[in-house]
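Given chain P, work out where chains H, L and Y with the ligands should sit, using these hints.
Here the protein sequences come in this chain order: P, H, L and Y. Just so we're aligned: 29 in this note's numbering is position 29 of the first sequence, and the numbers increase by one with no gaps anywhere. Just so we're aligned: 1013 in this note's numbering is position 13 of the second sequence, and the numbers increase by one with no gaps anywhere. Just so we're aligned: 2036 in this note's numbering is position 36 of the third sequence, and the numbers increase by one with no gaps anywhere. Just so we're aligned: 3185 in this note's numbering is position 185 of the fourth sequence, and the numbers increase by one with no gaps anywhere.
There's no promise every hint is true.
To be verified - When the alpha-carbon atoms are kept at most 25 Å apart in a straight line, the in silico SDA-like pairs for lysine to any residue are as follows:
1) P:K98 x P:H287
2) P:K331 x H:I1238
3) P:K2 x H:I1238
4) H:K1330 x P:D325
These are computed hints drawn from the structure, not numbers from a lab.
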Amino acid sequence: MKKLINDPNQVVDDMLAGMVEAHSDKLKRLPDTNVMIRKDAPVSGKVGVISGGGSGHEPAHAGYVGKGMLDGAVCGEVFTSPTPDQILAAIQAVDSGKGVLLIIKNYTGDMMNFEMAAEMAEAEGIQVAKVVVNDDVAVEDSTYTTGRRGIAGTVFVHKIAGALAEQGATLAEVEAVAKKTVENVRSMGMALTPCTVPAAGKPGFELGENEIEIGMGIHGEPGIEKTSIQSADEIAQILLNNILEDLPLKEHDKVAVMINGLGATPLMELYIIHKKVSEILREKRIHIHETFVGEFMTSLEMAGCSISLLKLDDQLSELLDAQADTIAFKK
Amino acid sequence: MKKLINDPNQVVDDMLAGMVEAHSDKLKRLPDTNVMIRKDAPVSGKVGVISGGGSGHEPAHAGYVGKGMLDGAVCGEVFTSPTPDQILAAIQAVDSGKGVLLIIKNYTGDMMNFEMAAEMAEAEGIQVAKVVVNDDVAVEDSTYTTGRRGIAGTVFVHKIAGALAEQGATLAEVEAVAKKTVENVRSMGMALTPCTVPAAGKPGFELGENEIEIGMGIHGEPGIEKTSIQSADEIAQILLNNILEDLPLKEHDKVAVMINGLGATPLMELYIIHKKVSEILREKRIHIHETFVGEFMTSLEMAGCSISLLKLDDQLSELLDAQADTIAFKK
Amino acid sequence: MLWDVEQAKKWIKRLNDKIQENKAYLTELDQAIGDGDHGLNMARGLQEAASKIANSHYDDLGSLFKDVGMTLIAKVGGASGPLYGTAFMKASLVLKDRKEADRNAFVAAFSAALDGLKMRGKAQVGDKTMIDVWDPVIAWMKSHETIRANELVDLSKEKMEDTKELEAKKGRAAYLGRRSVGHLDPGAVSSYLLFASLAESFEKGESAP
Amino acid sequence: MLWDVEQAKKWIKRLNDKIQENKAYLTELDQAIGDGDHGLNMARGLQEAASKIANSHYDDLGSLFKDVGMTLIAKVGGASGPLYGTAFMKASLVLKDRKEADRNAFVAAFSAALDGLKMRGKAQVGDKTMIDVWDPVIAWMKSHETIRANELVDLSKEKMEDTKELEAKKGRAAYLGRRSVGHLDPGAVSSYLLFASLAESFEKGESAP
Ligand SMILES: Nc1ncnc2c1ncn2[C@@H]1O[C@H](COP(=O)(O)OP(=O)(O)O)[C@@H](O)[C@H]1O
Ligand SMILES: Nc1ncnc2c1ncn2[C@@H]1O[C@H](COP(=O)(O)OP(=O)(O)O)[C@@H](O)[C@H]1O
Ligand SMILES: [Mg+2]
Ligand SMILES: [Mg+2]
Ligand SMILES: [Mg+2]
Ligand SMILES: [Mg+2]
Chain P
1 MKKLINDPNQ
11 VVDDMLAGMV
21 EAHSDKLKRL
31 PDTNVMIRKD
41 APVSGKVGVI
51 SGGGSGHEPA
61 HAGYVGKGML
71 DGAVCGEVFT
81 SPTPDQILAA
91 IQAVDSGKGV
101 LLIIKNYTGD
111 MMNFEMAAEM
121 AEAEGIQVAK
131 VVVNDDVAVE
141 DSTYTTGRRG
151 IAGTVFVHKI
161 AGALAEQGAT
171 LAEVEAVAKK
181 TVENVRSMGM
191 ALTPCTVPAA
201 GKPGFELGEN
211 EIEIGMGIHG
221 EPGIEKTSIQ
231 SADEIAQILL
241 NNILEDLPLK
251 EHDKVAVMIN
261 GLGATPLMEL
271 YIIHKKVSEI
281 LREKRIHIHE
291 TFVGEFMTSL
301 EMAGCSISLL
311 KLDDQLSELL
321 DAQADTIAFK
331 K
Chain H
1001 MKKLINDPNQ
1011 VVDDMLAGMV
1021 EAHSDKLKRL
1031 PDTNVMIRKD
1041 APVSGKVGVI
1051 SGGGSGHEPA
1061 HAGYVGKGML
1071 DGAVCGEVFT
1081 SPTPDQILAA
1091 IQAVDSGKGV
1101 LLIIKNYTGD
1111 MMNFEMAAEM
1121 AEAEGIQVAK
1131 VVVNDDVAVE
1141 DSTYTTGRRG
1151 IAGTVFVHKI
1161 AGALAEQGAT
1171 LAEVEAVAKK
1181 TVENVRSMGM
1191 ALTPCTVPAA
1201 GKPGFELGEN
1211 EIEIGMGIHG
1221 EPGIEKTSIQ
1231 SADEIAQILL
1241 NNILEDLPLK
1251 EHDKVAVMIN
1261 GLGATPLMEL
1271 YIIHKKVSEI
1281 LREKRIHIHE
1291 TFVGEFMTSL
1301 EMAGCSISLL
1311 KLDDQLSELL
1321 DAQADTIAFK
1331 K
Chain L
2001 MLWDVEQAKK
2011 WIKRLNDKIQ
2021 ENKAYLTELD
2031 QAIGDGDHGL
2041 NMARGLQEAA
2051 SKIANSHYDD
2061 LGSLFKDVGM
2071 TLIAKVGGAS
2081 GPLYGTAFMK
2091 ASLVLKDRKE
2101 ADRNAFVAAF
2111 SAALDGLKMR
2121 GKAQVGDKTM
2131 IDVWDPVIAW
2141 MKSHETIRAN
2151 ELVDLSKEKM
2161 EDTKELEAKK
2171 GRAAYLGRRS
2181 VGHLDPGAVS
2191 SYLLFASLAE
2201 SFEKGESAP
Chain Y
3001 MLWDVEQAKK
3011 WIKRLNDKIQ
3021 ENKAYLTELD
3031 QAIGDGDHGL
3041 NMARGLQEAA
3051 SKIANSHYDD
3061 LGSLFKDVGM
3071 TLIAKVGGAS
3081 GPLYGTAFMK
3091 ASLVLKDRKE
3101 ADRNAFVAAF
3111 SAALDGLKMR
3121 GKAQVGDKTM
3131 IDVWDPVIAW
3141 MKSHETIRAN
3151 ELVDLSKEKM
3161 EDTKELEAKK
3171 GRAAYLGRRS
3181 VGHLDPGAVS
3191 SYLLFASLAE
3201 SFEKGESAP
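Just chain P, with the same shape it has in the complex:
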């Protein structure tokens, strides 16, 4: 394992320290926690919006803290949900009295920790709402199991809920638009190489010289199947087919597209993927309102990508277009 780190057990702390140094104009860190909040939190008259999860997905989630997006990000250990005490501290810090929305990715650990924190906050008289993101079509959607994972599409939920909150909407309104976003966003990823949790010291899985994993999760969880390497066009087609099967779109529908790198994928390759994605959507006469290409929800140094599609109506596209001023997302 070759990484630019000091102590494998201190990576989150060191990262957050560096982040605060770099962006002290936008962010502050709650003392003795791994919680990053807006410099001006709590913003009075505004619903607080919080997200978080394991670290290793940077710029998610602290990169989205700022005007028009998140008020707080709770940063767990690498790939490990943060604990309820930390989430509670974040809720307390960003609540201005209008309540707080928790944007949770659908993983058992995140669900349980955020729920426990929500219960504690409610016991203190803070209004809390929760929205669960489960955009990953690589996983079967079933109420009998854990259900689908939340991956890169979560960033759209941050953006849209954050934009409405910034406008002074109520907690119920912000929750409703976040849920609408979740209902309209689908994603799927794939990996070329594995990644190594620093404290684990070795890769979470292995891929052969010519092997790729279709449907890869953002924690190195195995996907749908291992296949041999294919062309960018074929890969784009596979991912998009799976998405479109699940999110039926008709001619003249409007979408936002995210081509997300998992950490070690050159931008060049993401644009090559997008070439095919835009071709396919054009053929289907689906209108791309905006395209986001870059690293939004990574998986340490994994090579690979995910594609997300968000079906837009007027409200969603307006909120997507609204001003945002965060480290990793500016509009």
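Same frame as chain P, but now just chains H, L and Y with the ligands:
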């Protein structure tokens, strides 16, 4: 070689096609070239600012085309300087009559191709000025040899020259501020892993399981020395020491810092590097005006980083802070 | 025989030792069908819990269990933190104000712990989680007047091993569907270590309740 | 003997074949002390140049050389594009309106090409560049009444091999300083291929001027 590509010989063309699809609001591609220009080029009353070089450094250079930065980016083959005809086409396309500044990284190939293009443009009556960026302190500075390479510090030159051009300054003024930026910027990089030029099909160099290269260039050119892996703090110290030896700073001097990822380095690691960089600068009572952490000048899927320091005076910091609206750099 | 604060402390110390020993193993198991942090999570949390209680004085079992539960909730994270944390918290309610536990109180505490696990995780027996160890072990405790160390370790080991052939329905391994078959569930293994260290402490004459 | 358009065409075809054959080798050499694209650059450019002239009719050597030069400038890129491109352009001025070249015209053309290389790249003999092949080869041409194929190939090979022990002062390898010693200069090798294919075409009875 596992990459998200179609044909190794078509990567630049495919990438630019995807880029235009994704950012047609900001960019257009000159027909039958690999030149990307501002949607609204030529901007009347404004000096044109052009940069470029080999591809594989994305978001450089097309990612910096837009309001407040570049008017055009000339994209060569991977790691190969673009040819004079392409550069000439870019010059012709962005010149509004006020002349064009070429921002060239100091590589023999770039120097010769841009010079030939400049001669051709001048022969057509277009005013052309050139500024050569050579910020890499890993290379000995000597007039008897090729001299220093241009690396990530180039992005500061784009930003500052672009900001002054946007204000309507003359070619001589834009050239002067670009030169001042070059004089005040220093960088140095290091690599953890090599990268593979798609058409070459195998890595440009090799690094052992525990080996790193200090002073690595952005084309996989070997650096100062191979050493065994060290802590992030030690690496930050080595790079910064080399920079500070060459760019003497005194107490209360003001700098901008760039912690640049080479393509496969997680943001987490870049922030860990910055933790130490900010510590060292604080000890020396050097004031950080702004910090940029991310991927600005990459080297395909190389893992590693570079540090750049730009010494600021009032003019430079004002221009650095000025508005910019490009794909990869927004202010 | 009665189970007191000293014995509970020794158990947690033993459990922590076992978890530290098996940190890499648990992580490897989680790499195969999860995200490769189970050993790291458990090791971090139990280290904290063990040093917390080593440095504290407790008048009753309830406050000791509460400290362990709170520490696990705050330090483990992931899925296992809320689960194990809740288990200890629920047990602490039963053990409140008790200087020592007899068999009935002991079984009631572990039974409350299992209820906590089920309430928190909503998993059923057969879903390939730690429940597949806890549920049969607690049932066996309830139906046996004497908790014999060797029987406890054998049963929990057997149930842990049985998770190998299950298809995961809950937790991160559920994303794998059929591909989860053939791998042990990491949480079942850490639960086995929990019961095995309990059995060991009984054997070492630290006495069973 | 006279060197005419047909012979020049055959030479360029031969040179292209050699470059395509050695594409991976030239790239490997450039990976060691440069950025690993020399083979790709030369192969791209010469392929274009070869097909350009194969499909065109030329009345004089000058226009053939000009087409080769322009194509190399527009298609090779990097350092080698402007260098080889300028060399052919400068030679084309000497060969303007000439249907064929006698020894003197031939040498004058190659001599102009060398001047072009020096003007463009500002490298000296000993800087570990293609100049280390071109300069001595042109000097030898100038001082020998007959250009013998075997001597041409031997000399250019020897000079190419001599670059191995040099420390680079120009081009990308210069960044390496002392570490560049022990590696052949890629551009010196492609220049050797240029002269070797010239020698071969003389041998094949395509005649030397
Ligand atoms: N719903 C659940 N109910 C009971 N146990 C569960 C549940 N979900 C997960 N687990 C247990 O948690 C273990 C994984 O813990 P850990 O790796 O620490 O958390 P995470 O999955 O968040 O990374 C699994 O092996 C399983 O035994
Ligand atoms: N200043 C120079 N003068 C003459 N030849 C040079 C000069 N700089 C570089 N070269 C030649 O160019 C070769 C490298 O070409 P190439 O790899 O295609 O370009 P780049 O270095 O831009 O990647 C070197 O091996 C050397 O022979
Ligand atoms: Mg986890
Ligand atoms: Mg090159
Ligand atoms: Mg896990
Ligand atoms: Mg080269």
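Right, here's what the structure says about each hint:
1. For the hint pairing K98 (chain P) with H287 (chain P), the CA-to-CA distance comes to about 37 Å; that exceeds 25 Å, so the pair is violated.
2. For the given pair, K331 (chain P) sits about 37 Å from I1238 (chain H) by alpha-carbon distance, which is inconsistent with the 25 Å threshold.
3. Our distance criterion of 25 Å between C-alpha atoms is met by K2 (chain P) and I1238 (chain H), whose separation comes to about 17 Å.
4. With a C-alpha separation of about 10 Å, the suggested pair K1330 (chain H) and D325 (chain P) falls inside the 25 Å cut-off, and the hint holds.
Of the hints listed earlier, those the structure fails to meet are numbers 1 and 2, in rising order.
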